[in-house]
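Q: Protein chains in written order, with my numbering: chain G, 26 to 345; chain V, 135 to 501.
No lab work stands behind these hints: they were computed from the structure.
By construction, the Cβ of each residue, glycine as well, lies at the ideal position given by its N, Cα and C atoms.
Heads up, a few of these hints could be off.
[Claimed, not checked] Chain G stretches covered by chain V per the calculated footprint, using a threshold of three residues with CB under 8 Å from any CB of chain V:
#1 111-121
#2 181-191
#3 196-203
#4 282-293
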Amino acid sequence: MATPSLPPADTSPEGPRPQAPDNKKLQLMTGRDRLVLAFMVGIPAIFVLGFVWVPALISVVLSFTRWNGIGPVSDIQWIGFQNYTDLVTIYPQFLPAVSNNLLWLAVFFFIATPLGIFMATLLDREVRGTAFFQSALYLPVVLSLALIGFIWQLIYSRDQGLLNAMLGLDGTARIDFLGDADINIYFVLIAASWRHVGYIMLLYLAGLKGIDPALREAASMDGAGEVRTFFSVIFPAMKPINVVVLVITVIESLRAFDIVWVINKGTNGLEILSALVVSNVIGEASRVGFGSAIATILLIISLVFIVIYMISIYREDSPK
Amino acid sequence: MDLYEEKSGISVDINATDPNTYQEQINSYLQGNPDDVFQWFAGYRGRFFFENGLAENITDVWDEVGDGFSEAFKIASTNDAGQQIFLPLYYYPWAVFYRPSVFEQNGYTIPETLDEFTALCEEMRADGLTPIAFGASDGWPQMGTFDYLNMRTHGYQFHVDLMAGNERWDSDEVQAVFETWADLLPYHQESPLGRTWQTAAQSLQRGESGMYVLGLFLNQQFAEGEDREDLDFFNFPEIDPAIGSDAVEAPIDGFMMRSDPGNEQNAKDLLKFLGTVEAANTYVGIDAQIGAHLDTDTSTYDALQLKSADLVRNAANISQFMDRDTRPDFAATVMIPELKRFLANPNAIADVTNSIQAQADSIFPKS
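Full structure from sequences and hints, please.
A: Here you go:
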């Protein structure tokens, strides 16, 4: 999934940039400039179209078919909405997958991301050993989610895991953190958040470093406390970074895949849409049509967020 | 392969890939530009590619080398039209593994019927052992238990028909299999869904569990030498005396030929060579499996290999394992999650079997 392009950093929310110079510049463009511009915009556009939107649309089309991915395209049978009906009626993994994806989003949005922002503000205070804390928090981000899945399996394992040993549980009292379908998603979310917090922390910290210290000084002169300063002054001034953080939170939640795949291929309580797509389409299984239907649902969920994002961007850009 | 090049003067390019990746990419591989001869599995999983026009009939190869294989192997290599499409190289059986030292120490005897098996489980539990090691996190090892319970209860043919989609999953027969399994589950290692088969095998290795229903590859978890010598197996016990216990689950790996090969004559010559006893001997010299060829040199075999060969030779029928005997899409996307659902909640048999049938209806072509 490509990161949507971000709005230009506009630190003065008061005034949209004057339009006049832009128009003038356009008029001054020579034919060659136009050609260069056409290339620079056109080629990436073709790539996005060819590698993102065309396959996405083909998936949508395939979701109305039954096809095993083998043989000529003429073998494809059109079956209308059958795949979608099957998804909700006879595929017991589908609804848990949707709710797990939404749960993932909620946990990232309400817990992991705020925690990352909190860590960033703390570290921005230049506490002693900042570099150490930064690297400690950022370390998980360097690791792939697949590796994180592996590390946490060692911690959560029922028979040989660290956590059961530390809790001093033995025999039947041991908790099957990853095998018990009622609880395993929460423990996987802890592992995924462990990484997400570091990611957000680093992004936010970079943004905080760019804040003019004068803002803070002015706020404290006006008698605002730490908390008040953050929410009333720093947070609004960080708007561009906030948008990035929000977008990344949504992307990371919707594309969650690796960690559940290494644990149990997204079954038994760890169903998520991306894992269902992969197990239906990629493997030897090849239920291409059915898998595409799941992918289409994932696309629709993503589109909801893309549309919200686009609306907010356009609203900002249009003159008041 | 080197041996073959020496003998025939035809050079062979080998395309070696990691097996898991290979299995996941087999569809695109075969539709692209595959090698003339490719390694694959017997049973439905091989026929699936033949039926989709990706593999070729090699009956004439069988006419020449067929004498080297038992009738049960021939059946496993034959499609519905009676043509051979697959050439076996080696196999490994599934059975109930145990440590002879543990059995000796506690005075256990090998059970031959389900009742004896259950009694043995009770005995083990009384002695503080977990009767049956069990790791179901990967999704497929539990298929072996289901297959055996099913074949012992209803026979080999029912297994084949069920896997082919010709019997119903919500039938009383299948429910009975799940019920037997549910009765046995309390003897299995607790909370299997978070455990890999490797971890489960280690509990057998440490003598904490008494038995384990798995394939011969289990011995990978036992260090070569003394540790591995203290590993043995017995055939899965009989459930119904009318059915007996002469069906054995033994997945066969071997070769198939792509459709429209670049050089059909060379490809078939290569297959003929791979069907010889020399090829089998060379293979088992490298990998401690059991050669499919009847005359494979057994002098290098260890006790387990010898016993495996014996078990399979005396089997009336050889099943290939659930994920090789049925459609790959059905096994992976329906059976793995549904068997896990059953293991998480063994009381929900009807719910699970109805769900399997509903999904089977949507996957198997309607006849």
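Q: All the hints need checking, so say for each whether the structure fits it.
A: Checked hints:
1. Residue count for the region 111-121 of chain G with a Cβ under 8 Å from a Cβ of chain V: 6. That meets the three needed, and the coverage hint holds.
2. Requiring three or more residues with a Cβ within less than 8 Å of a Cβ of chain V, the coverage given for the region 181-191 of chain G holds, as 5 such residues are present.
3. With 5 residues having a beta carbon nearer than 8 Å to a beta carbon of chain V, the region 196-203 of chain G meets the requirement of three or more and the stated coverage holds.
4. Remark: the region 282-293 of chain G is confirmed as covered by chain V, as 5 of its residues place a Cβ nearer than 8 Å to a Cβ of that chain, reaching the required three.
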